[in-house]
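Got chain A sorted already, so can you dock chain B onto it with the hints?
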Amino acid sequence: MTEQNRTTLKDALSRMPVYAPPAKCWQEIGRELDKDAREDTLHAALNELPDYAPPSQNWARIAETLEADAAEQRLKDALSKLPQYAPPAETWTAIEQEIRPPARRIKLMVVARAAAAIALLVGLWWAWPQQEAAPLRATYSYDQQTTNAQFASIEDWGQADALMQKAVDEFREDPVAKQLPAYELLLSEWADLKGAQEEVAKMMERYGKDTQLIRQMSEIEKERSSLIREMIAQI
Amino acid sequence: MKNWNPLFSASRTFRALQAGKQSLSWLFPKLLWIVLTVYGLGFSDNGLMAQTTNLHVITKRLEKTFKYRETYEVNIEGEKADVSIETWNKDEISLTVEFIAKHPDKATAQSDIEAIKYIAERVRNKIYVRNYISVPEGAPKPASNLSARYVVKVPENCPVYLKNYFGTANVINLAKRFRYQGEFSPVGLENVQGSIDLSSRFGDVSGKRLDGNVTINARRSNVTLEEIKGRYSIEANYGDVRILSASAGLLDLNITGTKSDIFLFDPRLLDYGYTLTAQHGSIYFPSNLKMEFLKNTDEIKKVEFQPRAEYYPNVTISVTFGDIYLEKENPDQRQ
Numbered sequence: 001m002t003e004q005n006r007t008t009l010k011d012a013l014s015r016m017p018v019y020a021p022p023a024k025c026w027q028e029i030g031r032e033l034d035k036d037a038r039e040d041t042l043h044a045a046l047n048e049l050p051d052y053a054p055p056s057q058n059w060a061r062i063a064e065t066l067e068a069d070a071a072e073q074r075l076k077d078a079l080s081k082l083p084q085y086a087p088p089a090e091t092w093t094a095i096e097q098e099i100r101p102p103a104r105r106i107k108l109m110v111v112a113r114a115a116a117a118i119a120l121l122v123g124l125w126w127a128w129p130q131q132e133a134a135p136l137r138a139t140y141s142y143d144q145q146t147t148n149a150q151f152a153s154i155e156d157w158g159q160a161d162a163l164m165q166k167a168v169d170e171f172r173e174d175p176v177a178k179q180l181p182a183y184e185l186l187l188s189e190w191a192d193l194k195g196a197q198e199e200v201a202k203m204m205e206r207y208g209k210d211t212q213l214i215r216q217m218s219e220i221e222k223e224r225s226s227l228i229r230e231m232i233a234q235i
Numbered sequence: 236m237k238n239w240n241p242l243f244s245a246s247r248t249f250r251a252l253q254a255g256k257q258s259l260s261w262l263f264p265k266l267l268w269i270v271l272t273v274y275g276l277g278f279s280d281n282g283l284m285a286q287t288t289n290l291h292v293i294t295k296r297l298e299k300t301f302k303y304r305e306t307y308e309v310n311i312e313g314e315k316a317d318v319s320i321e322t323w324n325k326d327e328i329s330l331t332v333e334f335i336a337k338h339p340d341k342a343t344a345q346s347d348i349e350a351i352k353y354i355a356e357r358v359r360n361k362i363y364v365r366n367y368i369s370v371p372e373g374a375p376k377p378a379s380n381l382s383a384r385y386v387v388k389v390p391e392n393c394p395v396y397l398k399n400y401f402g403t404a405n406v407i408n409l410a411k412r413f414r415y416q417g418e419f420s421p422v423g424l425e426n427v428q429g430s431i432d433l434s435s436r437f438g439d440v441s442g443k444r445l446d447g448n449v450t451i452n453a454r455r456s457n458v459t460l461e462e463i464k465g466r467y468s469i470e471a472n473y474g475d476v477r478i479l480s481a482s483a484g485l486l487d488l489n490i491t492g493t494k495s496d497i498f499l500f501d502p503r504l505l506d507y508g509y510t511l512t513a514q515h516g517s518i519y520f521p522s523n524l525k526m527e528f529l530k531n532t533d534e535i536k537k538v539e540f541q542p543r544a545e546y547y548p549n550v551t552i553s554v555t556f557g558d559i560y561l562e563k564e565n566p567d568q569r570q
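Quick note, the sequences are listed as chains A and B, same order. Mapping the first sequence onto our numbering, position 100 (from 1) lands on 100, and the numbers just tick up by one. When you read off a place in the second sequence, starting at 1, and then add 235, the result is the number in our numbering.
Possibly wrong hints are sitting among the right ones.
Straight-line Cα separation of at most 20 Å, PhoX-like style, residue types lysine-lysine; simulated pairs [to be verified]: (1) Lys325(B) with Lys388(B); (2) Lys202(A) with Lys222(A); (3) Lys202(A) with Lys376(B); (4) Lys443(B) with Lys411(B); (5) Lys494(B) with Lys178(A); (6) Lys202(A) with Lys352(B); (7) Lys325(B) with Lys302(B); (8) Lys325(B) with Lys361(B); (9) Lys178(A) with Lys166(A); (10) Lys361(B) with Lys302(B); (11) Lys563(B) with Lys464(B); (12) Lys494(B) with Lys194(A); (13) Lys295(B) with Lys376(B); (14) Lys443(B) with Lys295(B); (15) Lys376(B) with Lys398(B); (16) Lys376(B) with Lys341(B); (17) Lys464(B) with Lys443(B); (18) Lys166(A) with Lys194(A); (19) Lys398(B) with Lys202(A); (20) Lys209(A) with Lys537(B); (21) Lys525(B) with Lys537(B); (22) Lys209(A) with Lys376(B); (23) Lys398(B) with Lys361(B); (24) Lys222(A) with Lys494(B).
FRET-style restraints, in silico, Cβ to Cβ [claimed, not checked]: (25) Val370(B) with Ala138(A): 42 to 52 Å; (26) Pro371(B) with Pro175(A): 39 to 49 Å; (27) Thr450(B) with Gly195(A): 19 to 29 Å; (28) Glu321(B) with Ser226(A): 33 to 43 Å; (29) Thr510(B) with Ala182(A): 23 to 33 Å; (30) Ser226(A) with Asp432(B): 22 to 32 Å.
Just so you know, the hints here were simulated from the structure itself, not pulled from any lab data. For clarity, every value in this text was computed on a predicted model and none was experimentally measured. Ideal placement from N, C-alpha and C gives every residue a C-beta, glycine not left out.
Only chain A is shown next, with the shape it has when bound in the complex (with noise of 0.2 Å):
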């Protein structure tokens, strides 16, 4: 700009009008002035405030939270598209049966219970033991009959178990009966006829002893003997 030209430029200005701003503009630029004043103070003071570090377990829940929120918000919009479909009348004819009267609902609580008392009464006399058709008669007869037989003579089962139990502890001791392939069923066998054995003995001591008992226990110590020797042979 030449010094020629500063003349016609301040000509121009003093010949532009002059504005004056409304005094409300000059009151609303004190006040943002005076806010920045104060909060210089505030500032200051918040940065003299020590530093925390909340614990990082807040920022997972809050992170949670938002993730929540993002998959509440996608189930609303999902909602929201889904069709509507408008229940039949019959549908809420029986919604409203259900929240009738609450003296009426206490009334059929009654007879509900009252019906199921009754069915377990029917039900417990349909499984008690029935007295039915004829009740049980018992006669008696009377005869006598005679026998050769005195079995106490010939009660020698047992006489050789401790004989037999040797053996059968030498077998099972044996190395080379170990390696025999029916080892192990051969001892299985010797437990199962003793217990057999000892079930019959039972029996004879509770109903007596008779023919066929004394049969039983002669096979099983027939058994026992074969077996044995089966052991023997091979120590």
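Just chain B now, kept in the frame of chain A:
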């Protein structure tokens, strides 16, 4: 089980002496034989004296009848009982039970008979029958020889479950379902059909004209079956299985045995398919049955055979420590 009776020993001694007499009569004078015979009768090897004992026998008989409905099942639990189950045409279930007490003293027999208790009742669809011994605390145990005997009559379609501990069982003509669990109790079945499930320990099983789905578990029990039809699954331990003959309706026969010998006798052996396995045992079969050996070692033998027919019954037998025998004819019958 072989017949064994201690009472035979005296007569056995007598017969032996008689036989000896014939062969050695030239050696001993007649009088000496008479003395020896008398001695043998009096003092046999068992030490049995020829003395007789008089026994008082008290029998308590009970009878009860139930109306039958199609859903009912009869459950019997016998102890020292001889049970007989048979069918009839009435819509009723009839139970006749006898308890027997034998003792040289009549009062003892009369008292002991009451120690045997008895239950016969219907609970829902099951009719329970049971006997057992019950003595009040402190009371002496029964001294008599006690036993029970059942005769049960049911409609043929009535399912029956029998459990017996010592005793015997005989069943005929049942048509729907029969289950048996026995210990020390031989069981015999004749003309029984439907679902048949037998489990026996120390009690031989014998069946004639069985037809249906048959399952047998036999432990220390021999199994003998004759004229069989249907499907069979048999497991035997320490007991032999003898199939004396099959019928035209045989569908499948599966037998597994441990320490058991398995015998199959049938004139139509060529009509069946076979898979036979013997571990620590042998397999015997007629020469015209052209078996294919799949394994033949000292330890295990396995053979197979398929007949030319399109449909045929399958016979599968596996034994461990036992042998398998296939023969056209039962040698016992031949004799």
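Outcome of the hint check:
Simply put, Lys325(B) and Lys388(B) have alpha-carbon atoms about 9 Å apart, close enough for the 20 Å limit, and the pair holds. A hinted pair counts as satisfied when its Cα atoms are at most 20 Å apart, and Lys202(A) with Lys222(A) qualifies at roughly 19 Å. Using a Cα cut-off of 20 Å, the hinted pair Lys202(A) and Lys376(B) holds, with the two alpha carbons roughly 12 Å apart. A threshold of 20 Å between alpha carbons decides the hint, and for Lys443(B) with Lys411(B) the separation of about 16 Å falls inside it, so the pair holds.
About 18 Å separates the Cα atoms of Lys494(B) and Lys178(A), which keeps this hinted pair within 20 Å; it holds. Of the supplied pair hints, the one linking Lys202(A) and Lys352(B) holds, its CA atoms being roughly 18 Å apart against a limit of 20 Å. Simply put, Lys325(B) and Lys302(B) have alpha-carbon atoms about 9 Å apart, close enough for the 20 Å limit, and the pair holds. A hinted pair counts as satisfied when its Cα atoms are at most 20 Å apart, and Lys325(B) with Lys361(B) qualifies at roughly 18 Å.
For the suggested pair Lys178(A) and Lys166(A), the alpha carbons sit about 16 Å apart, so the restraint of at most 20 Å is met. Between the alpha carbons of Lys361(B) and Lys302(B) the distance comes to roughly 12 Å, so the proposed pair stays at or under 20 Å and holds. For the proposed pair Lys563(B) and Lys464(B), the alpha carbon gap of about 18 Å is at most 20 Å, so the pair holds. Restraint check for Lys494(B) and Lys194(A): satisfied, since their Cα atoms lie roughly 18 Å apart, inside the 20 Å limit.
Distance hint between Lys295(B) and Lys376(B) is fulfilled; the C-alpha atoms sit about 19 Å from each other, no more than 20 Å. For the proposed pair Lys443(B) and Lys295(B), the alpha carbon gap of about 33 Å is over 20 Å, so the pair is violated. For the hint linking Lys376(B) to Lys398(B), the alpha-carbon distance of about 24 Å lies beyond 20 Å, and the restraint is violated. Our distance criterion of 20 Å between C-alpha atoms is met by Lys376(B) and Lys341(B), whose separation comes to about 16 Å.
Between Lys464(B) and Lys443(B) the CA atoms are separated by roughly 10 Å; this keeps the pair inside 20 Å, and the hint holds. Of the supplied pair hints, the one linking Lys166(A) and Lys194(A) holds, its CA atoms being roughly 14 Å apart against a limit of 20 Å. In summary, the hint linking Lys398(B) to Lys202(A) is supported, as the alpha carbons are separated by about 19 Å, within the 20 Å threshold. At most 20 Å may separate the alpha-carbon atoms for a hinted pair to count; Lys209(A) and Lys537(B) exceed this at roughly 47 Å.
Distance check on the hinted pair: Lys525(B) and Lys537(B) sit about 13 Å apart at the alpha-carbon level, within 20 Å; holds. With a C-alpha separation of about 14 Å, the suggested pair Lys209(A) and Lys376(B) falls inside the 20 Å cut-off, and the hint holds. Between Lys398(B) and Lys361(B) the alpha-carbon distance is near 14 Å, which keeps this suggested pair within the 20 Å criterion. Of the supplied pair hints, the one linking Lys222(A) and Lys494(B) holds, its CA atoms being roughly 16 Å apart against a limit of 20 Å.
The beta-carbon spacing between Val370(B) and Ala138(A), approximately 19 Å, falls outside the hinted interval of 42 to 52 Å. For Pro371(B) and Pro175(A), the hinted distance range of 39 to 49 Å is not satisfied, since their beta carbons lie about 55 Å from each other. Between Thr450(B) and Gly195(A) the C-beta distance comes to about 25 Å, which sits within the given range of 19 to 29 Å. A hinted range of 33 to 43 Å holds for the C-beta pair Glu321(B) and Ser226(A), which are about 38 Å apart.
Our hint of 23 to 33 Å for Thr510(B) and Ala182(A) holds, since their Cβ atoms are close to 24 Å apart. In this structure the supplied range 22 to 32 Å holds for Ser226(A) paired with Asp432(B), their Cβ-Cβ distance being about 31 Å.
Violated hints, listed in ascending order, are 14, 15, 20, 25, 26; each of the other numbered hints is respected by the structure.
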